[in-house]
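If you want the building blocks of each chain, they are given just below.
Number of protein chains: 2
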Amino acid sequence: MYDGIVQELIDELGRLPGVGPKSAQRIAFHILQTPTFDVSRLAGLLSEVRERVKFCERCGNVSENEVCAICRDPRRDQSVICVVEDAKDVSAIERTREFRGLYHVLGGAINPMGGVGPDDLRIRELMVRVGDTAVEELILATNPNLEGEATAAYLSRMMKDMAISVTRLASGLPVGGDLEYADEVTLGRAFAGRRSA
Amino acid sequence: MYDGIVQELIDELGRLPGVGPKSAQRIAFHILQTPTFDVSRLAGLLSEVRERVKFCERCGNVSENEVCAICRDPRRDQSVICVVEDAKDVSAIERTREFRGLYHVLGGAINPMGGVGPDDLRIRELMVRVGDTAVEELILATNPNLEGEATAAYLSRMMKDMAISVTRLASGLPVGGDLEYADEVTLGRAFAGRRSA
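Going down the list, the sequences are from chains X and E. Quick note: the first sequence, position 81, residue 81 per UniProt numbering, numbers continuous. Quick note: the second sequence, position 119, residue 119 per UniProt numbering, numbers continuous.
Rather than coming from a laboratory, the hints here were simulated on the basis of the structure. This one's a predicted model, so the numbers in the text were calculated from it and none came from an experiment. Just so you know, not all the hints are guaranteed correct.
Note: identical chains are not told apart, hence a pair may lie in one copy or across any two.
Said to hold, decoys possible - DSSO-like mimics (lysine-lysine), calculated; alpha carbons at most 30 Å apart, straight line:
| id | residue 1 | residue 2 |
| --- | --- | --- |
| 1 | Lys160 | Lys88 |
| 2 | Lys22 | Lys88 |
| 3 | Lys22 | Lys54 |
| 4 | Lys88 | Lys54 |
Okay, chain X solo, but in the shape it has when bound (with noise of 0.2 Å):
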C-alpha cells in the first residue's frame, strides 16, 4: 500500500499485541509527520530494554539486576510471599500500596489445554524459596479465572505438609462497581464470603 519501508514500518508495529492495521498506520504517520517525537529514544530503548533487563533471579520479576529492587529492600516483610502469575502483576499490586512482603512470579498459569503444566511455571523456585527462608505466609493472588484458580488450588495443595498459612485473595463485587450489572458468580462469591458490617 505504500513505498517499501513504511509498509515495512507498518507491519511491524501491527504485530505489537493490541495494535491492528488502523493503530499500526496511525503510529506509523505520527512517527513521520510528528517533527517533536523523539525517534531515536524509542528505538534505543527497544533495543537497549532486552539486553539490559533481566528477570530477578529469586522472585522472577523484571528487574535490571540478578535481584530486583523489591527482594534486596531490607524494609520488605519477608515472611510473606505473595504469589503471582505475571510481572504485571507485580506492579498492579504494588500500586495498592497495601502490601509490603515479597512476591513470586509463577510466569503464567495451569492450563492444560493451552498445553502448560506445573513444569513450566516456577513452582519448584517456590517451593525452594518456602523451604529455605523463614516464610510464614503464601498469599495466592494467582487471577479469579479458571486458570489461576486451578493454579491456587495445585499450589494449596503442594503446601499441605508444610507449616504455612496459604491465603486467597477474597473475590467479590468490585468497588465503585454496580450489583445490577456483576455476573452471578462474582455475586455468588460475594454472598459466600459476606462479612459482618
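Given the coordinates of chain X, assemble chain E onto it according to the supplied hints.
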C-alpha cells in the same frame, strides 16, 4: 513503578497515538518476554523511517523518492487530481481501486479554532499544479465534517475562474449500514443526492 529502563520504555510507548498506559505496559512486556519478537528490526525501522521517508514534492504523499510512485506512474490519468487532507487518505482511496488519477495532499483542513488557515495547507502548490498542467477535473475528497467541508468550499471558490470542473465526493448512507441508525445529517444528504434507480 518498574526499574528504570522498563518504565522509560513504557512512558515512551505511551506517547504514541492511541496507546494508553495499560497498552504501553502490555507492549513493553510483550517485547521483554517474547523471544521470537525481533526487537532490533523494529528499532532499526524506527530509526530509518524518518531518515529515508520524504514527502513527494509534487503531491505531498509519503515517498522514499523526490517524486512518489503514483506521480511517476505514466499509466495514471494526468487529467484528474484528487485532493485529500492526509497521506493516509491516499492509501484508503488506493485500496478501493476506483481511482486512477493523481493526488494532492493538503496536509490538513482549514480549522480556524485550531489555528489552521489556508496558508498552512499545500493550497498554493495545488494552484500551481492546476495552472501548469493539463488538469481537467479536481475531485475534492476532504473529510465529510465541518473542517473538510469548509476546506472544500474554500478550494471550490478559488477554482471558480479556472476552466476545470471541480467535484466533491458523494455523501450518503454507508454501504452495508442500517438506515435506522444513520444520523439525520447523513440521511438528509442521502435524500438530497438521490438518483434514479
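**Study point:** Structure versus earlier hints, numbers of those that do not hold, lowest first
**Key:** none
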